Each structure stands twice: as structure tokens, then as C-alpha cells.
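Novice: Sequence:
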Amino acid sequence: MKKSIAVTSERNRVFRQRVELDGFDELYVDVPEAYGGEDSAPDPHDYFDLSLGACKAITAQMYAQRKQWPLAGVSVTVNRDDSEERKGRYRLEVVMSFHGIDDPEQLARLEEISDKCPIHRLMTSATVEITTRTTDLAQA
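Under numbering that gives the first Met the number 0, the first residue of the sequence shown carries the number 0, and numbering increases by one thereafter.
Read the hints as simulated data drawn from the structure, not as lab findings. Among these hints, one or two may not hold up.
Claimed, not checked - Below, a list of computed lysine-lysine pairs in the BS3-like style, where the Cα atoms sit at most 25 angstroms apart: (1) K1 with K115; (2) K115 with K2; (3) K66 with K115.
The structure presented is a predicted model; accordingly, all values stated were derived computationally and were not measured.
Could you put the whole structure together from the sequences, leaning on the hints where they help?
Specialist: Pasting the structure below:
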């Protein structure tokens with residue numbers, strides 16, 4: 000499936016970007032003040048990290064629903080350690096709570112299944128190819 004996301008710099012803003020994604024309200028991206036931004040929206044790393052947490056929660060919910068387990072909800076906290084990012088190491092710790100599940104085997108299975116979510120696999124085992132090109136606005 001191909002999907003396009005349009006990112007446009009906001010007028011009169013330092014680094015704030017407006018993101019258009021078909022069928023959704025506009026999203027915004029900024030950088031912290033320490034990097035020259037206004038800290039008016041999540042930064043790109045935040046979106047990267049939250050995509051992992053959200054995907055793990057959704058995957059666990061789908062699995063529990065299919066198994067008809069009494070999962071009432073999922074809480075996820077993603078803790079980032081980017082202190083060695085420039086050295087090629089970016090650490091994410093994901094802490095999950097499965098509400099309504101008391102069975103230790105079901106809890107272990109939900110944690111295991113969450114590690115198989117598409118974003119976890121993409122981040123840890125896929126080869127991502129990125130092509131960047133410049134175009135004239137009239138051609139875009």
C-alpha cells in the first residue's frame with residue numbers, strides 16, 4: 000500500500016511543520032526550544048517512539064479480542080534514552096499494563112505478541128530504503 004504524507008513549513012514559525020495525512024486532522028511537528036524550535040508540538044523522535052507504543056497496544060488488543068480474553072485496556076509508557084544516538088544506539092524501553100488480565104500466562108503472551116507488532120518488527124528487523132529527491136514546486 001502506498002500512502003503519501005505532506006509536510007509543509009508553517010509561515011512565521013521557526014521549525015514548526017504542518018503534516019497532512021489523508022482523512023485525518025492536521026498534525027504538527029516542532030523541535031524543542033533547546034534546538035531552536037518553539038516546542039509547540041511533538042518532535043520527530045516523539046512520533047517515532049509513540050508509533051511503537053501505539054502499535055504494541057493495538058496488537059495486544061487485537062490478539063486479546065481474537066482470543067476473547069477480558070482485556071479492558073492497555074497502558075503503555077515508552078521511555079527514551081537517546082544519549083548515545085550519535086554513536087548509533089537509540090534505546091527505547093516499553094512498559095505495558097494490560098487491564099483486566101490477571102492470568103500470568105495470558106500476560107506473558109500479550110507481551111510476547113506485542114513484540115511482533117509491525118512497528119517493532121520494522122524498527123528491529125527490516126531494511127528501510129529511503130530515496131530523497133528535490134522537485135520544482137510546479138512539478139509536485
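Novice: Determine for every hint whether it applies to the structure shown.
Specialist: Comparing the hints with the structure gives:
no.	hint	verdict
1	K1 with K115	holds, 22 angstroms
2	K115 with K2	holds, 23 angstroms
3	K66 with K115	holds, 16 angstroms
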